[in-house]
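My request is simple: use the sequences and hints to build the entire structure.
This is what each chain is made of:
2 protein chains.
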Amino acid sequence: MSSGTNGTEPKRRGRRRSGADTKAALLAAAREVFTEQGYDAATVRAIAAQAGVDPAMVNHWFGGKAGLFSAAVHIPVNPAEVVPQLLAGDREQLAERLLRRFLTVWDNAEGGQFAALVRSIATNENAVAMLREFIQNVMFEKLIKALDVDQPDLRGALCGSQIVGLGMARYVVRLEPLASADHDTVVAAVGPNLQRYLTGALD
Amino acid sequence: MSSGTNGTEPKRRGRRRSGADTKAALLAAAREVFTEQGYDAATVRAIAAQAGVDPAMVNHWFGGKAGLFSAAVHIPVNPAEVVPQLLAGDREQLAERLLRRFLTVWDNAEGGQFAALVRSIATNENAVAMLREFIQNVMFEKLIKALDVDQPDLRGALCGSQIVGLGMARYVVRLEPLASADHDTVVAAVGPNLQRYLTGALD
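Here the protein sequences line up with chains A and B, keeping their order. Each residue of the first sequence is one higher than the last, beginning at 1 in UniProt numbering. Each residue of the second sequence is one higher than the last, beginning at 1 in UniProt numbering.
Hints were generated in silico from the structure; no laboratory data involved. Glycine included, C-beta positions come from ideal geometry on N, C-alpha and C.
Label pairs and their calculated CB-CB ranges: (1) A:V149 with B:L202: 22 to 28 Å; (2) B:L147 with A:N124: 37 to 43 Å; (3) A:T104 with B:L202: 20 to 26 Å; (4) B:E125 with A:R45: 40 to 46 Å.
On the chain A side, residues computed to face chain B include the following (Cβ under 8 Å): (5) I121; (6) R132; (7) D153.
Structural data, given as structure tokens:
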């Protein structure tokens, strides 16, 4: 409860703050509240109160609770938008759509955002808990539950292993030729494996 | 060249050192010399000289250059021993043997050795270069070259992505049920995917 900006702190220029200040205050409050309460229990209202801003700012700056959570864990997508987009279309090509989205987001992210994510989980147990929550209860849970397949939790963890591993290989360890491969090459190589984790037979 | 123990430093009790001192000096020297010169160019003789110990100590404590390299990068296997063992047997079950070896080594490693590896690569660019070297030129290079398959470098990088991703999911992010699954369950789930990266059609 110490690092967030709260209602008792003096505000510059009356109660106005810049957008950057508001976003930073919301991200700091989100990291505290999500870590303490978990994704499901944490409310937008509680995070906004902790940050000392209007709850409407969460929608304004992050598109809602899922988007704020993703930004807090250094993942530049909003699952509330992305999951429905991924599910629209042939389910046998879901892995391809997922990989293309992942590659587009992370290739375009400035300044090594995936490396920042890995650094945060390597050095901070709270960040580990948040990433676990993101994979299990925010991103893959909704995606895989919608597929109505067996062993959804195992599939989510397996997808997490391949996606995180691809990010490690491409953006952190930079294993060639995977690090420089174009998206079509990565999709051809990794897509069938990821698709098996999503919808294939696991045993 | 500053952190290693070298020949000009005074030795305790004449020229004798404990085994722990010798191992620590060799690991420190290995991290310097492998980082500066790469795996292939670095010699056991140069590393031993840098550490101020007899080159025979590398065989004695680490089973040779590959074992010293692995220990220096926090990977508790000696590829010079493991690769021939993995290659002996049905090539369609290579992924299963590789996974069982990986799980046995890392499940048994004390004190979160995989997490230590991730922490080192997340925070230290030299450690990144060493892990890349390990995957590309020490571990998978020899394993995959022996299989005589197409696109060996891409296969090595893909195997690296799945193995590192499995380690991240099981030991760092601890995604359930994968984190607690027994080895048979992991082999059934991940084995076919890893086998495709080793010997299957990639496009």
